[in-house]
Amino acid sequence: MEATEKDILRGGQFLVKETKCEDIFTPEDFSEEQLMMKEAVTEFVDREIWSKKAQFEQKDFALTESCMRKAAELGFLGVAVPEEYGGLGMGFVSTMLVCDYISGATGSFSTAFGAHTGIGTLPITLYGTEEQKQKYVPKLASGEWFGSYCLTEPSAGSDANSGKTKAVLSADGKYYSITGQKMWISNAGFCSLMIVFARIEDDKNITGFIIEYDPKNPNGITMGEEEHKLGIRSSSTRQVFFNDTKVPVENMLSTRGNGFKIAMNALNVGRIKLAAACLDAQRRVISVSVNYANERIQFNTPISSFGAIRQKIAEMATNCWVGETASYRAAKNIEDRIELRKRNGKDTHQEAELKGVEEYAIECSILKVAVSEYTQKCTDEGIQIFGGMGFSEDTPIESAWRDARIARIYEGTNEINRMLSIGMLIKKAMRGHVDLLGPATAVANELTGIPSFETPDFSQLFSEEKSIIANLKKLFLMVAGAALQKYGEEIEKHQQLMLAASDILIQIYIAESAILRAEKIAKKDGEEAAKEKIAMAKLNLFHAIDIIETAGKHSIVSFSTGDEQRMMLMGLKRYIKYVNMPNIIELRNIIASKVIKENKYCF
1 MEATEKDILR
11 GGQFLVKETK
21 CEDIFTPEDF
31 SEEQLMMKEA
41 VTEFVDREIW
51 SKKAQFEQKD
61 FALTESCMRK
71 AAELGFLGVA
81 VPEEYGGLGM
91 GFVSTMLVCD
101 YISGATGSFS
111 TAFGAHTGIG
121 TLPITLYGTE
131 EQKQKYVPKL
141 ASGEWFGSYC
151 LTEPSAGSDA
161 NSGKTKAVLS
171 ADGKYYSITG
181 QKMWISNAGF
191 CSLMIVFARI
201 EDDKNITGFI
211 IEYDPKNPNG
221 ITMGEEEHKL
231 GIRSSSTRQV
241 FFNDTKVPVE
251 NMLSTRGNGF
261 KIAMNALNVG
271 RIKLAAACLD
281 AQRRVISVSV
291 NYANERIQFN
301 TPISSFGAIR
311 QKIAEMATNC
321 WVGETASYRA
331 AKNIEDRIEL
341 RKRNGKDTHQ
351 EAELKGVEEY
361 AIECSILKVA
371 VSEYTQKCTD
381 EGIQIFGGMG
391 FSEDTPIESA
401 WRDARIARIY
411 EGTNEINRML
421 SIGMLIKKAM
431 RGHVDLLGPA
441 TAVANELTGI
451 PSFETPDFSQ
461 LFSEEKSIIA
471 NLKKLFLMVA
481 GAALQKYGEE
491 IEKHQQLMLA
501 ASDILIQIYI
511 AESAILRAEK
521 IAKKDGEEAA
531 KEKIAMAKLN
541 LFHAIDIIET
551 AGKHSIVSFS
561 TGDEQRMMLM
571 GLKRYIKYVN
581 MPNIIELRNI
591 IASKVIKENK
601 YCF
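Numbering follows the UniProt record's numbering, with no gaps: position 75 of the sequence shown is 75.
You can take every hint at face value.
Within a straight-line C-alpha distance of at most 20 Å, the following computed DMTMM-like cross-link-like pairs (lysine to aspartate or glutamate) qualify:
1) K466 x D23
2) K70 x E144
3) K261 x D203
4) K133 x E83
5) K577 x E446
6) K229 x E57
7) K466 x E446
8) K553 x D563
9) K20 x E464
10) K164 x E201
11) K342 x E84
12) K594 x E527
Restraint-style ranges between C-beta atoms, simulated for each label pair:
13) N161 x K246: 23 to 31 Å
14) T301 x S392: 19 to 27 Å
15) K246 x I409: 28 to 36 Å
16) M581 x Q495: 28 to 36 Å
17) P248 x M389: 54 to 62 Å
18) T255 x K174: 17 to 25 Å
None of these hints come from the bench; they were simulated from the model. Note that the structure is predicted; figures quoted are calculated from it, not measured. Just so it is clear, CB atoms sit at the ideal spot from N, CA and C, and this is done for glycine as well.
Turn these sequences into a full structure, and let the hints guide you.
Listed below in structure tokens is the structure:
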């Protein structure tokens, strides 16, 4: 059924509107074609990458390049590229799926793949002229050329628009000379094309350029040595120096001064794709960890039978499942928005894709933060299950832990993304795209009213959890509304309050997604068949409430005093309240028993 404008929640609206379980897309909804693609990608990864995991830890850059060429032969580099430019032209969910399952074996290949298909190719497909797309995109989609993205500089990291690289127009107006230094450039060692950002004269914003690179004719481009990194060791990462590098004027990407916008929109796509790229890594870590726990005998019994290990397995599986759930929910929203814009005929394919992703920039930031942090926890607990062996390079878990660490830094640090999610939500509210004021006022009125003392009927599956989710949304509106009222546009200077608000926002989105997915599965397959998913949704909500309570309390006691503070602390207590507390150990045991029995991540 085709989605209509009315059906699709706008970005950020999940906070003020109720979503029915039938209205979210989940991995259970994958089409036959998508399942075949998942199988093909998994088979490729097991054969070409997972089997050579130890080799990837030896800084074997040639191996990464060779695997990229093999991925290209199977069409995987062109999944998001329109058919007219040599790609497969797949929808957004399918491109997420490929990114997910191709990224789990090693961060080295995952980074090369993500940098090439995302920030190395997308800026041209989304912002290039027809001539630029015809000239470059087929080469990138086929793997004839590999792409890299040169934005970061020694003095310009999170503040991407502060770069010092200069672009000077020649006297005859035919080319620009680029001079400057870029760092942390993924794929630099084997790329043929660079998306480079530089400033023309004293422009406020940077400008994007497409630069071809041939080591035999370097055109003023020199490379630093390969960086020595904590993880992603076979991902080529170098500094790139430009010294009067000549770029024809027709290789300017988009318009002068539009580089910052290109960079930000490329990062929006990169953020949700990074969440996807962290999913299969967790599945694989959980599977090898439970294999080990089932085989490791201590005190005459497998360690998987010990409660301390079962707790870890249950929490790892839950985090992986809820992260996957929220990622595909947002991916389908983006895909529906893109298709709707194309159907309405207002936008070209480029514009539809750009605006579709931009609409859900808040969710993209939420997912980047949440799933990268789940991955770090998962690999850390994996090492703990392996014990001393986990600290050894002889097991795959040690490199997984090192590779996971970069995910919280690139595509914008998690701190930047936390603040972005709140900043973007405020901007949407000011533009009237998300009505926060009406619901926030209603919550303020509710707080001063007399609460209901009736015991609600929570006999239906998830009726209490959904009521709690609705209350957690009120809690966010109460805390964020009061802080905004106090500080107005100055709120951006109060970063610790924004970080706390974003923790509440993130937990609400993830918890609601998990409950809706479990409810949808239970309605289709029955509660008994869905018991592990129900347990994961309930366990995740319990943890979400703890995080939200802490973030809310820290905020309230920091910006309010007296009666206002007392009123809000009472509101906090009211909004996180359970009528029927879940049995957390029982929930964990339901989840762990299934994973241990199947001897792998099985959801």
